[in-house]
Amino acid sequence: MTERRVKIMSRVGLHARPAALFVQTAAKAPMDVTVALDGRDPVNAKSILAVLGLDAHHGEEVTLAAAGDGAEELLNTLESILSQEEHGRA
Amino acid sequence: MPEPPGSLRGTGVSAGSGCGPVRRMVGTVPEPPAGARHGGDAAAEAAAALAALEGVAASLEDLAGHAPDDAGHDVLHAQALMARDPELAAGVRARVAVGIAAPRAVFEAFAAHREALAAADAYLAARVADLDDVRDRAVAALLGVPVPGVPASDEPFVLVARDLAPADTALLDPATVVAFVTENGGPTSHTAILARALGVPAVVAVPDATTLADGVVVLVDGTAGTVQIAPSPSDVLAARFRDRTPSHVSAAPAGPGGTRDGRRVPLLANITVPGDLAAARAHGAEGVGLYRTEFLFLDRADVPGTAEQAAAYAEALDAFPDGDVVVRVLDAGADKPLPFLPPSAPEPNPALGERGLRMLRRHPEILAGQLAALAKAGAGRPGLRVMAPMVTGADESAAFAAACRDAGLDRPGVMIEVPAAALRARDLARTVEFFSVGTNDLAQYACAADRQSGALSRLHDPWQPALLDLVALAAGAGVPCGVCGEGAADPILACVLVGLGVASLSMAPTAIPAVREELAGHTLDRCRAAAAAARASRTAATARAAARAVLARRR
Numbered sequence: 001m002t003e004r005r006v007k008i009m010s011r012v013g014l015h016a017r018p019a020a021l022f023v024q025t026a027a028k029a030p031m032d033v034t035v036a037l038d039g040r041d042p043v044n045a046k047s048i049l050a051v052l053g054l055d056a057h058h059g060e061e062v063t064l065a066a067a068g069d070g071a072e073e074l075l076n077t078l079e080s081i082l083s084q085e086e087h088g089r090a
Numbered sequence: 001m002p003e004p005p006g007s008l009r010g011t012g013v014s015a016g017s018g019c020g021p022v023r024r025m026v027g028t029v030p031e032p033p034a035g036a037r038h039g040g041d042a043a044a045e046a047a048a049a050l051a052a053l054e055g056v057a058a059s060l061e062d063l064a065g066h067a068p069d070d071a072g073h074d075v076l077h078a079q080a081l082m083a084r085d086p087e088l089a090a091g092v093r094a095r096v097a098v099g100i101a102a103p104r105a106v107f108e109a110f111a112a113h114r115e116a117l118a119a120a121d122a123y124l125a126a127r128v129a130d131l132d133d134v135r136d137r138a139v140a141a142l143l144g145v146p147v148p149g150v151p152a153s154d155e156p157f158v159l160v161a162r163d164l165a166p167a168d169t170a171l172l173d174p175a176t177v178v179a180f181v182t183e184n185g186g187p188t189s190h191t192a193i194l195a196r197a198l199g200v201p202a203v204v205a206v207p208d209a210t211t212l213a214d215g216v217v218v219l220v221d222g223t224a225g226t227v228q229i230a231p232s233p234s235d236v237l238a239a240r241f242r243d244r245t246p247s248h249v250s251a252a253p254a255g256p257g258g259t260r261d262g263r264r265v266p267l268l269a270n271i272t273v274p275g276d277l278a279a280a281r282a283h284g285a286e287g288v289g290l291y292r293t294e295f296l297f298l299d300r301a302d303v304p305g306t307a308e309q310a311a312a313y314a315e316a317l318d319a320f321p322d323g324d325v326v327v328r329v330l331d332a333g334a335d336k337p338l339p340f341l342p343p344s345a346p347e348p349n350p351a352l353g354e355r356g357l358r359m360l361r362r363h364p365e366i367l368a369g370q371l372a373a374l375a376k377a378g379a380g381r382p383g384l385r386v387m388a389p390m391v392t393g394a395d396e397s398a399a400f401a402a403a404c405r406d407a408g409l410d411r412p413g414v415m416i417e418v419p420a421a422a423l424r425a426r427d428l429a430r431t432v433e434f435f436s437v438g439t440n441d442l443a444q445y446a447c448a449a450d451r452q453s454g455a456l457s458r459l460h461d462p463w464q465p466a467l468l469d470l471v472a473l474a475a476g477a478g479v480p481c482g483v484c485g486e487g488a489a490d491p492i493l494a495c496v497l498v499g500l501g502v503a504s505l506s507m508a509p510t511a512i513p514a515v516r517e518e519l520a521g522h523t524l525d526r527c528r529a530a531a532a533a534a535r536a537s538r539t540a541a542t543a544r545a546a547a548r549a550v551l552a553r554r555r
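If you're matching them up, the sequences are chains A and B in order.
Heads up: the first sequence begins at 1 in UniProt numbering, then just goes up one per residue.
Heads up: the second sequence begins at 1 in UniProt numbering, then just goes up one per residue.
Extracted from the complex, chain A is given alone in its bound form (with noise of 0.2 angstroms):
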């Protein structure tokens, strides 16, 4: 199991483009992804309404985990998107 602490930078927080480029991302690897906020469970990457309802905000940090093979690729590269200020349309 890999961790990972992450701040999020974007201004919008875990929402919007951000969330649903997040949310894609996940979706794309074989295995299992969550995202926690402290104190409360992992939820599923993968899962764009898991992953709005954390309601997770700019400043807060997140605990990013996934196991297996190309984990800490998967997990370099979910906290780039996260440590993002700005997302333009791709």
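Examples of chain B residues toward chain A, derived with CB under 7 angstroms: (1) ASP74; (2) GLU87; (3) PRO339; (4) PHE340.
What the hints contain is simulated information worked out from the structure, not anything from laboratory work.
Note that beta-carbon positions come from the ideal geometry of N, C-alpha and C, so glycine has one too.
Since the structure of chain A is provided, determine the placement of chain B on it from the hints.
Coordinates of chain B only, in the frame set by chain A:
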């Protein structure tokens, strides 16, 4: 006047008539009954449910590809992700496995997520509407009923709906909609503003409008506020004949607006996006009196950059090199929540909450960014003026003026839409260069009547003497005062406003020709007499009648 049988009455909000068959906006998908069971083949039932969700996802992706702007694209794309959500799919499978029929299983699986989102802040609450739309599409597919949304039709039709949201109309083809009729909404609802912008006749606040059957031919009179069912050919001809007058006026040469005796009153356009500029010019606008910039920001994940903003503002300035262009800084909050400007606390009454300048005071970096973009666009383009929405007192107007001057913008103004600001207009006038009265919000706040409430539309009537009194205070405070609410679009009221001392009028572009013609027919003194007669009245109806009577004397 008694209505003929077979006629519905509402509030006319966009002039002209339109006749065609009713197409109802499919807005309600029935809730599948609780306890509905499937035949026993859970695997097939689950496959059908998931296929319906995938079909919805694919159609939403397709719509996203055709969305005219980033905002529409992002919403539709997020909705497609919702339809493909793995947690949602698991919830559907679990329910089907215990015997629940597919439509009910889908409905219940959505409900579980809906609660979590609805409990959160305003931004997520708006996503609940998106989620409901996805649910309704999936349930509709499983029940074999029409998919919600604006109906598809190759033939022209009258669109009937409970209400129209901006998302509903994103993909609307104005060429096929001859009129709008809605049950809810008032003169300042999205439906009304959209209808006037498109030049489509509209009647809102029509009780039981959605009971009109699809295919029934109706004649919609957006001037009188009536919807006539199965009109006779002579009724339709008569309505077309009446419509000739405005179209004749539209063809009249555009000159500068003013009274018969030469008092200049610039006639300006309210615009929402740079694309509205062409219509503004075509209808003879002399400039822009209200550029609603929030639509640059709406449904965006991030604040648009300086260059993008400056380009949008410069486009308006270049369209009117000789006229004024009044840009209103971001008016977020209330019915226009933005993800990067969340309210500091839940707001049970958003219209009375942290919106407009109040919100920008908490996010000075966003105001500074917009003012910098405006200063960039205004360099070498002298027509630029900048104003703030939702200003309450002189301390706020002074702070806004200082922020403008810091950015190099030397013609700051404020909107007068809060009664307190109108009452103390002389104090505010010492801090800024001009006022612009927003009659829609001023009526909402002066009469304590929510703009979104169709039931209260009579209280949104800009003819109310109390509202005219407030306008008179603003117009007499010592700085030039314009009106940019929809009240300016009524030709008779426009004359009254000029009589109250208003210096410029800004409205939907399609309203300009009729206002120009009416105003050109009266002297300033006659306008003042009409204003005095209206203010001497005790109700909106008698104020209107009194002003009409004065203006009808010897044209």
